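Student: Whenever a hint applies, use it, and build me the whole structure from the sequences.
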Amino acid sequence: MIETERLILRPFQKGDAEDLYEYLHEPMVHCFASMRLKSLDEAREEVAKRVKETEYLFAIVLKENSKVIGEIDAYPESGEPHKDENAVLDNFSPCWMLNKNYFGKGYAYEAAHAFFDYLFYEKGARRIYAYTEDYNASSQKLCEKLGMRREGMFMEFVSFVNDSDGNPIYENTIQYAILKKEWNK
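In case it helps, our numbering puts the sequence shown at residues 153 to 337.
Do not rely on the hints blindly, as some may be mistaken.
Stated by the list, open to error - Dumping the calculated DSBU-like pairs for lysine-lysine here, alpha-carbon to alpha-carbon at most 30 Å: (1) 166 to 190; (2) 204 to 275; (3) 201 to 190; (4) 219 to 257; (5) 190 to 235.
As the list claims (entries may be wrong) - Each pair of labels, with its calculated beta carbon distance range: (6) 303 to 166: 20 to 26 Å; (7) 301 to 321: 25 to 31 Å; (8) 332 to 236: 32 to 38 Å; (9) 167 to 239: 19 to 25 Å; (10) 289 to 337: 24 to 30 Å; (11) 269 to 316: 20 to 26 Å; (12) 217 to 337: 34 to 40 Å; (13) 256 to 236: 43 to 49 Å; (14) 332 to 177: 19 to 25 Å; (15) 165 to 229: 24 to 30 Å; (16) 216 to 315: 38 to 44 Å; (17) 236 to 315: 38 to 44 Å.
Quick caveat, the hints were computed from the structure, so don't treat them as lab data.
Bear in mind that the values here come from a model prediction, so they are computed numbers and not experimental data.
Glycine included, C-beta positions come from ideal geometry on N, C-alpha and C.
Tutor: If you want it as structure tokens, here you go:
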């Protein structure tokens, strides 16, 4: 569990299904389209899966009322594309998602900052990088506020949704990153 001034980052619990459904029934950006939940029953099934993950996936919870307002996760990976079984897993690519009703209040920054501390100081991260779509200005602003540098833009990098004719809609993706030695400053 990670605690900040206004938030608790904790593993998901069985009672979190309604709050999860609230922000995943209509994901705000295309990259979360595959996570869309169609019913509260689906949300309960998803929470049952998430309850098992206690180290790298956290619900973002308001201290004042215990409401889950989002989530943040990142899993260790190698920075080496030709890794073997002895590769050091010291790269993390966090994913954050917040209930749209809680945008603009600084919760995403508060949660991500605490989570970055956790990854760098508890989980041995050397490098944290994030992808965001070129139209997602709020996520870009968050990356920059966290001290991440913009490393590049991948043109028509990935598709998460299709148009009305079933053709993939490719999105331009920006990559941001920060090293532990930069975070320490």
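Student: Now, for every hint given, state plainly whether the structure supports it.
Tutor: So, going through the hints one by one against the coordinates:
1. Between the alpha carbons of residue 166 and residue 190 the distance comes to roughly 18 Å, so the proposed pair stays at or under 30 Å and holds.
2. Using a Cα cut-off of 30 Å, the hinted pair residue 204 and residue 275 holds, with the two alpha carbons roughly 18 Å apart.
3. For the proposed pair residue 201 and residue 190, the alpha carbon gap of about 16 Å is at most 30 Å, so the pair holds.
4. For a cut-off of 30 Å, the pair hint linking residue 219 to residue 257 stands: about 15 Å separates their Cα positions.
5. This hinted pair does not check out: residue 190 and residue 235 have alpha carbons roughly 38 Å apart, beyond 30 Å.
6. About 39 Å separates the C-beta atoms of residue 303 and residue 166, a value inconsistent with the hinted range of 20 to 26 Å.
7. Hint check: residue 301 to residue 321, Cβ distance near 28 Å, so the stated range 25 to 31 Å holds.
8. Range check, residue 332 to residue 236: about 23 Å between beta-carbon atoms, so the 32 to 38 Å window is missed.
9. Range check, residue 167 to residue 239: Cβ separation about 38 Å, and the 19 to 25 Å hint is violated.
10. Look at residue 289 against residue 337: about 26 Å separates their beta carbons, and that is inside 24 to 30 Å.
11. In this structure the hint that residue 269 and residue 316 lie 20 to 26 Å apart at CB is violated, the actual value being about 44 Å.
12. Separation of residue 217 from residue 337 is about 36 Å and conforms to the stated range, judged on CB atoms against 34 to 40 Å.
13. Range check, residue 256 to residue 236: about 45 Å between beta-carbon atoms, so the 43 to 49 Å window is met.
14. Between residue 332 and residue 177 the CB atoms are about 37 Å apart, so this pair departs from the stated range of 19 to 25 Å.
15. Separated by about 27 Å at the C-beta atoms, residue 165 and residue 229 satisfy the suggested range of 24 to 30 Å.
16. As the Cβ distance of residue 216 to residue 315 is approximately 42 Å, the hint placing it in 38 to 44 Å holds.
17. A hinted range of 38 to 44 Å for the beta carbons of residue 236 and residue 315 is consistent with their spacing of about 41 Å.
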